[in-house]
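Student: Sequence:
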Amino acid sequence: MKFKLIHTDKQSRARAGEITTDHGVIQTPIFMPVGTAGTVKAVHQRELKEDIKAQIILGNTYHLYLRPGLDTLEKAGGLHKFNGWDMPILTDSGGYQVYSLSEVRKIKEEGVTFRSHIDGSKHLFTPENVMDIQRTIGADIIMAFDECTPYPCDYTYARKSMEMTHRWLKRCCDRFDSTSPKYGYNQTLFPIVQGSTYKDLRIQSAETIASFNREGNAIGGLSVGEPAEEMYEMTDLVCDILPADKPRYLMGVGTPVNLLENIALGVDMFDCVMPTRNARNGMLFTSNGIINIQNEKWKNDFSALEEDSDLFADKQYTKAYLRHLVQSKEILGAQIASIHNLHFYLWLMKEARNHIIAGDFYEWKSTMVKKLAQRL
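For the sequence shown, this note's numbering assigns the number 16 to the initial residue and increments by one for each residue that follows.
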C-alpha cells in the first residue's frame with residue numbers, strides 16, 4: 016500500500032491524499048461504508064459502486080469468522096470473490112465486537128475467549144489467529160487486535176488495557192510479517208491507538224504505534240459515548256504525533272459534523288454504521304440538516320429528498336413517498352434511505368477534498384457544520 020499526500024489546508028490539518036492498493040486507488044478523505052457480514056445492509060454492490068461512489072468498504076472479522084466461516088471464504092477465494100466487490104476492503108480485527116460482548120467474554124494476556132452470539136459456542140481470538148483469520152478473509156487493509164475500553168473508563172484499567180494492546184500489536188506484527196497473503200495481492204496492517212480519554216495515555220499510545228512504522232495508523236476507542244469535544248481533543252493530540260506521510264483512520268466515527276471536524280484535525284479515513292442504521296429508522300442526512308422522515312410534516316411533502324443540491328441525478332423519490340414506505344415497513348424504504356445517506360456521506364467527503372485542494376476548506380467547513388447539525 017502506498018500513500019501520497021497531495022495537499023494540506025493552511026488553516027487546519029485537513030489533508031487531501033491518495034491511497035493505492037492492489038484493488039484500486041482511494042482518494043482521501045474517505046468514508047468507508049460498513050459491510051459487517053460481507054454486505055452493506057440493504058445496498059447492492061452495483062449501487063455502492065455506481066450511485067454511492069464508494070471506493071472502499073468494511074468487513075467484520077468477528078462476524079465473518081462465525082458466518083459464513085473461514086472454510087467457505089477460503090474456498091471462494093477470499094471476500095472479494097465471495098461478495099463480488101472488486102475494489103478495496105478493510106477488515107476490523109473483531110476487537111470492538113469483543114468489547115461489546117462484555118457479558119460473554121474473558122480478556123487475558125493470551126487473547127479473548129468469547130461465546131458466539133449465534134449458537135453460544137466458545138472461541139478464542141489471539142493476536143496471532145486474528146492475523147491468520149484476516150489473511151483468509153483477504154482484506155486489503157487489516158487491523159491489529161486491540162482492546163477497546165468503554166467510556167467512562169478508570170485510569171488504571173485504561174493504562175493496563177493500552178499496554179496490553181501494545182504487547183498484542185507486537186505479536187500481530189510478528190505474525191503478519193511471518194505470513195503471506197493467500198490470494199495473490201498485497202495486504203497491509205494498521206496498528207490502533209488506544210488510551211481512552213486520558214491525554215498522557217493517548218500521547219504514549221500514539222508514540223508507541225508510530226514507532227512500529229507500519230503503512231498506516233488507526234485511532235480507536237473513541238465514539239463510545241464520550242462528549243464530542245473529548246473526541247476532538249484526543250484526535251487532535253494523536254494526529255499531532257502520528258506521522259503525516261501515512262494515512263490516519265478514525266474508527267467508528269460518526270455524524271457528518273464529526274467527519275468534518277475530524278478532517279480538520281488531520282484524519283483521512285472514517286467508518287460508521289450510522290448512515291445505514293439510522294436510515295433504516297427513517298433518519299436522513301442532507302446538506303441542509305437532519306430529517307426524521309417519519310414526522311407528520313413530511314406526509315404531503317412531494318419535494319425530492321435532497322432538493323437544494325445536485326447531489327442526486329435520480330430525484331424520483333419524494334419525502335412523502337419515502338415516509339410512506341418507512342411507516343409501512345417496506346424493505347424499499349430502508350434501501351432508498353440507506354443509499355441516500357451513504358451517497359450523502361461520500362458526497363461530503365468529495366466536497367471536503369475539493370475544498371482542501373482549492374484552499375478554502377476551513378471556511379467551507381465552518382459554514383457546513385452549522386447547517387448539518389440542524390434538525391429539519
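Treat the hints with care, as some may be off.
Mimicking DSS-like on lysine-lysine, the simulated pairs with C-alpha atoms at most 27 Å apart in a straight line are [what the hints assert, rightly or not]: (1) K365 / K386; (2) K314 / K344; (3) K137 / K185; (4) K137 / K123; (5) K214 / K185; (6) K312 / K261; (7) K197 / K185; (8) K56 / K314; (9) K68 / K19; (10) K261 / K68; (11) K365 / K314; (12) K25 / K197; (13) K365 / K261; (14) K25 / K56; (15) K17 / K185; (16) K385 / K365; (17) K123 / K261; (18) K123 / K64; (19) K214 / K197; (20) K386 / K68; (21) K365 / K17; (22) K314 / K25; (23) K386 / K314; (24) K261 / K17; (25) K197 / K96; (26) K344 / K385; (27) K121 / K185; (28) K64 / K197; (29) K64 / K261; (30) K56 / K365; (31) K121 / K68; (32) K386 / K312; (33) K137 / K121; (34) K19 / K90; (35) K56 / K344; (36) K185 / K175; (37) K25 / K385; (38) K64 / K25.
Hints listed in this document are in silico derivations from the structure and should not be mistaken for laboratory results.
Student: When you check the alpha-carbon spacing of K365 and K386, does it fall within 27 Å?
Tutor: Judged against 27 Å, a Cα distance of about 17 Å means the pair holds.
Student: Check whether the Cα positions of K137 and K185 lie no farther apart than 27 Å.
Tutor: holds, 26 Å
Student: Check the hint pairing K137 with K123 against an upper bound of 27 Å on the C-alpha distance.
Tutor: With a Cα-Cα distance of about 15 Å, the restraint between K137 and K123 holds, given a limit of 27 Å.
Student: Under the criterion that the straight-line Cα-Cα distance not exceed 27 Å, is the pair K121, K68 satisfied?
Tutor: violated, 40 Å
Student: Keeping to a limit of 27 Å between CA atoms, is the pair of K25 and K197 held or broken?
Tutor: violated, 43 Å
Student: Is it true that the CA of K19 sits at most 27 Å from the CA of K90?
Tutor: Violated. K19 to K90 sits at ~35 Å, over the 27 Å cutoff.
Student: Is the Cα-Cα distance between K56 and K314 27 Å or less?
Tutor: holds, 26 Å
Student: Given the hint that K64 pairs with K261, does the C-alpha gap stay at or below 27 Å?
Tutor: holds, 26 Å
Student: Take the C-alpha atoms of K68 and K19, compute the straight-line distance between them, and say whether it is at most 27 Å.
Tutor: holds, 21 Å
Student: Run the distance test for K344 versus K385: straight-line Cα separation, threshold 27 Å.
Tutor: Cα-Cα ~32 Å, so violated.
Student: Within a Cα-Cα threshold of 27 Å, do K261 and K17 meet the stated pairing?
Tutor: This hinted pair holds, its Cα atoms lying about 8 Å apart.
Student: Hey, K386 versus K312, does the alpha-carbon distance stay inside 27 Å?
Tutor: Roughly 19 Å separates the two Cα atoms, so the pair holds.
When the structure is compared with the earlier hints, violations turn up for hints 6, 11, 12, 14, 17, 18, 19, 22, 26, 31, 34, 38 and for no others.
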